[in-house]
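Chemist: Just so you know, the protein sequences line up as chains Y and R, in that order. First residue of the first sequence? That's 1 in my numbering, and the numbers climb one at a time after it. First residue of the second sequence? That's 394 in my numbering, and the numbers climb one at a time after it.
Hints are supplied without guarantee of correctness; some may be wrong.
[To be verified] With the Cβ distance kept under 7 Å, some of the chain R side facing chain Y (calculated, not the full set):
1) P404
2) R405
3) C430
4) W434
5) R468
6) V482
7) L484
8) R492
9) S523
10) V524
11) L528
In short, the hints are calculated from the structure, not lab data. Don't be surprised by glycine CBs; every beta carbon is placed ideally from N, CA and C.
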Amino acid sequence: MIEPSRELRDVCAVVGAGHSRLGRVPGVSSLDLLVEAMRNAIADAGLKVTDVDGIVCRGPDESYTHHQQIGERLGINARFSTSLDNGGASQILAVALATMAIKAGLATTVICGFGRDSWSRTHSSKEANVRNETRPASQLAREFGPEYGYFGAVAAHAFGATRHMHLYGTTRDQFGEIAVAFREHALRNPDAQMKKPLSIAQYHEAPPVVAPFGLYDCSLRSDAAGAVIVTNRERARDLRQPAVSIKGFGTFNNLRGWFADDNMVTTAAKNSGAAAYQMAGIGPNDVDTAQIYDCFTYMVLAQIEDYGFCKKGEGGPFVASGALRMGGRVPTNTSGGQLSEAHCEGMLQLVEGVRQMRHTYPAERQVADAEIALVSGHGGNLVCHSTLILGRT
Amino acid sequence: MSDTAIKKPVPRPSPESTHYWQAAREHRLELPRCNACGQHWFPPSQSCPHCLAADFTWTPVSGLGKVFSFVTYHRVYHPAFAQEVPYIVALVELAEGPRLLTNIVGAPPEAVACDIPVKVVFDDFEDGLSVPKFLPLNAYAK
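All chains, please: the whole structure from these sequences, using the hints.
Modeler: Set out below in structure tokens:
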């Protein structure tokens, strides 16, 4: 059995974190949003941009040479730089690559980030709003989909929700609890896109989109970017912020497809999480807060099962118990998540995981005594997954 | 103005799927079947994803299967489907193994469930093109 190297545990730390303006940011490209987040992360760390010698990032799906464009805007060369292609799983993969590059001596200080302009893109015309598609036309299916009226990420994930409901009796009430809990968290976050409370009655009254998903099962359309800075732990000691240790990471990719095997119910989070737990030397009972890739309510439920917070099939009762709320068993998406803060393809989950480990939030936003944060990334054609485990020490 | 009515997207075949769509025009559901390991696969490609052999035969399948999962579109993503909502998009697992994305026809959404048996029917598009869809084999079937 191959096990991830424990030599990477606690070698590097996240020393800076930042986000851009979130939500509706008209007239700003995804590149400039990302540079805004990176500028904030560099300032947060107390570094100069010239201290950065590595870039691992990702932009919109049509973007080629993305890291080169970011380096040009930052005004730096890099010893190590690349842009990634694993969808929403890329953002944690960037931190993993940064750690490996630093351990290998290829860089000392790596900035990782992702930016998107999905609010602006889907509001550029009435047609764009109807299509609700952020991918370029050249990447959309030409057959085995559009002729059946099959479009968009909502339906793809809803297939998993239907199957889970069939196998385990999971209910929309349970999905609704996830949306309501994360909205409650967002109300504690002044930067969150959503500002009003959401009740379970409003959840059920909202129009269906692609059943079993209604409006509030779906994440937001956002202009948003986030960035973090990774360096080794010795350097981290001299910097402005409490260093947040990178304890473990893992990836897994169900490349046989979302529709293959049992992948829409037991997701790649299972193997991605197992690798991260092994590297970190911990298990699910050690996790104090989780920042889960919540493109849809169901994906939270599936992943918390895959991560072992409860058994497969018991996610519905687990979330209904209030486990994901502040004060619950594993407070999850404490900044509001993609359902209520802003959708930045997992990047803001990473930023929030770092901030929870610093213990610098006011009490209402801080998960009390949290020592370990788990962060998840999910994406591509719903099959790429990554997990990051952060520690306060 | 009727001739400017918005049409549904038609399949735009790749080199690998040309045969599939040609057979569908003749109301036959045919999949690649491996001459080495005997298994079928979908979507079409030039080598077997079960054993990587590149030797296969286009083979008619039974057209019988069951609903692995399904969703119901209420939102209109493409104007050509404005009159269709609510419509069902399903993943059907064929008796031969492969899973096909398709529509369930001849039954309202409340009559569809995971694991119900279905059989293929062909929905003729324009220009002789035909698309395989599936009909539940139960009391709701027309």
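Chemist: Can you give the numbers of the hints that this structure goes against, from lowest to highest?
Modeler: 3, 4, 9, 11
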